[in-house]
Amino acid sequence: MINVSHFSKSFGNKQVHKNINFHVKKGECLGLIGGSGTGKSVLLRSIIGLESPDSGTITVNDQNINALSEKELIQLRQNVSYVFQGGALFDSLNVFDNLAYALKEHTTLSAPEIEQKIHSTLKQFGLANSTELMPSQLSGGMQKRIGLARAMIMNPSILLYDEPTAGLDPFNTKKIKELILNLKQTGVTSILVTHDMPVALDVCDRLALLMQGEIVEEMSPQEFHQSPQALMHHFIHGETF
Amino acid sequence: MTGTLWIFLGGVTLLTLQIARDLRSGPFYFDLFVEQLYQVGIKSIPLVFLTALSIGMVMSLQFGLGLEKFGGKLYVPKLMAATIIREIGPVFTSLMMAARVGAGFASEIGSMVVTQQVDAIRALGTSPTRKIVLPRVLACLVAVPILVAFANIIGMAGGLLIGSIELGLDPNYYLLNTLSTLRMSDYFTGFFKAVFFSLFISLPSCYYGLNVTTGATGVGLSTTRAVVTSSILILIGDFFLSKLFWIIQKWG
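Chains as they are written, first to last, in our numbering: chain A, 1 to 241; chain B, 1001 to 1252.
Next up, chain A with everything else stripped away, as it sits in the complex (with noise of 0.2 Å):
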């Protein structure tokens, strides 16, 4: 589904990718951890091609990403979503129409249609009251939750997370990941970038550890739990290696 082949990015003298190779499964939720600074959200963000690599492919469902022009990386976003660290949303759009969004670009709904859809969506991520609200007037877990919601809204085959419980309560940062847990049980294809180990070991069927521009080790959960060597305990505990 999501192919990354010796991919490598620099940012003017920054080499911040050299070699990175991974594969994601359809219906795979990839966990991609690593320290500050060491490319996650660049990669994610090169997946959904909104950034071009120096060298390497990408491919997601066959597509060689830097292949495309920017039309047809239009087409190919509506099925695949990214969630924003921040949320992204518009702020001069309230909720509804920050949700509306890609419902009035990409799909032929009437009006009543996008308005059902968008009440359902925040029925389920517990937002119901909040349509006419704008941005800046969302606290950040709120904003965060909308941001997920206006990406899978779309109902996307893939979902990409840029740290989605990052800066959040434990509340807040349960609630997502209850949601990301749904949306894993419905077949989406995901890759979540988090520091956020417990969310990533509940969430994720693979981790990668990414360091010094490459993916030094990648395991299951479970392999995890039964490695105390591997390189992603020393990385949790801020132990260098």
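Quick caveat, the hints were computed from the structure, so don't treat them as lab data. Treat the hints with care, since some could be wrong.
What the hints assert, rightly or not - Residues of chain B clear of chain A, computed beta-carbon distances all greater than 12 Å:
1. S1044
2. I1146
3. T1224
4. L1244
Stated by the list, open to error - Heads up, incomplete: computed chain B residues facing chain A, CB under 8 Å, no partners named:
5. Q1116
6. Q1117
7. A1120
8. A1123
9. L1124
10. G1125
11. T1126
12. S1127
13. S1180
14. R1183
Said to hold, decoys possible - Away from chain B, derived, C-beta distances all over 12 Å, residues of chain A:
15. S5
16. I74
17. Q75
18. N79
19. V80
20. S81
21. Q85
22. P170
23. N182
24. K184
25. D196
26. D202
27. E218
28. M219
29. G238
Note that the coordinates shown come from a computational prediction; the quantities given were computed from them, not determined experimentally. The beta-carbon is built from N, C-alpha and C at its ideal position, and this holds for glycine as well.
For this one, chain A is given, so just place chain B on it according to the hints.
Leaving out everything else, chain B in the frame of chain A:
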């Protein structure tokens, strides 16, 4: 410096080509265009009114005081008409618009880049050029020439006011002289300058806004660059456009 100039020229050219491509096909967001027309056009009216009125009054006063020494006070209406329609109206209105609208475009788009809203537009399968740039550029193309025409009228009204009150010129004489001085080519010169100036305002401002790289500092820097670049383009462009129209008029 030269490198920056080439990057700017290349970037603006690519943006213009993208706008041309977007104009040819795909959806056109009429509601966004109308919203920008309101922001750019209607909301600029008070500023343009005050600027045009005060410049018209000051020019009339200075021309009157200067020409009075040579007994040329009667030429004030003719001078005012030609200067305002051909130069002062388009240039001053556009400079005010560069400060108000250009800064607004660059900072608003820059903030959207910093808060990942532009990325979100792309990630949701839409085009930032179509959603952000095109409505702004078209709104400027429509609003700036209309505002220039408005400024011309207000500027000449300001001149007439001072001409009759301070310089003792008969208002009917002033008006008649103004109208008889102006030719159709003068109106066209001012109009076409305004069309070019609207592009000099909107394109660099959108370009700098979209290319903000760092946070609040980057937005500030881009806003400054947008206003400075637009203003320089208007002032330098004015000379070349004046020269061009002068040559065209000579041929005609």
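Against the structure shown, which of the earlier numbered hints fail to hold, in ascending order?
13, 14, 16, 17, 18, 19, 20, 21
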